[in-house]
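Asker: Using numbering that gives the first Met the number 0, the letters of the sequence shown correspond one by one to residues 0 to 129.
Hints listed in this document are in silico derivations from the structure and should not be mistaken for laboratory results.
No residue lacks a Cβ here, since even glycine has one placed at the ideal position from N, Cα and C.
Here are the simulated distance ranges between beta carbons: (1) D50 with K25: 35 to 41 angstroms; (2) G68 with E95: 38 to 44 angstroms; (3) Q74 with S112: 55 to 61 angstroms; (4) P41 with P20: 38 to 44 angstroms; (5) A97 with W72: 35 to 41 angstroms; (6) V89 with Y48: 57 to 63 angstroms; (7) H75 with F47: 38 to 44 angstroms; (8) L60 with R91: 43 to 49 angstroms; (9) R91 with T71: 27 to 33 angstroms; (10) F47 with H88: 56 to 62 angstroms; (11) D50 with Q73: 34 to 40 angstroms.
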Amino acid sequence: MSLSRNTRLCFRAVPPRNLPPCAAPKRVRARPLSSQASPPTPSRHAQFYTDYVAGMIPVALLGSAVYIGLRTWQQHLAHERFLEEAQDHVQRLEEEVAILRQELQQTATSSSSTQNTPTETKKRSGWWPW
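Make a model of the complete structure from these sequences and hints.
Answerer: Now the structure itself:
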């Protein structure tokens with residue numbers, strides 16, 4: 000490592016720290032053997048989950064299945080109702096078209112018979128209404 004001429008390293012003496020004396024470590028009590036140990040008592044939180052939540056899982060699954068089934072059935076019935084209403088609407092429109100066609104044919108036959116009559120003696124020709 001090369002240092003430039005202007006660089007000076009300055010080492011100062013660091014005063015010693017006043018640290019408290021180390022206390023002797025306390026003796027750790029040896030763990031009892033598994034045959035001698037009493038079974039640990041579960042916490043109230045763990046006991047709650049053990050007792051209630053495990054029993055709620057099948058109920059939640061059954062409830063979800065019933066909900067999805069009912070929702071699907073409702074959508075099926077709504078779709079059937081929509082199709083019936085659409086078919087009724089189409090049938091009404093077809094009847095209206097048939098009636099209008101009959102009226103159009105009647106007016107066409109009556110207008111063709113009135114044009115052949117000699118009552119119309121004056122014919123207009125050109126753009127001017129007079």
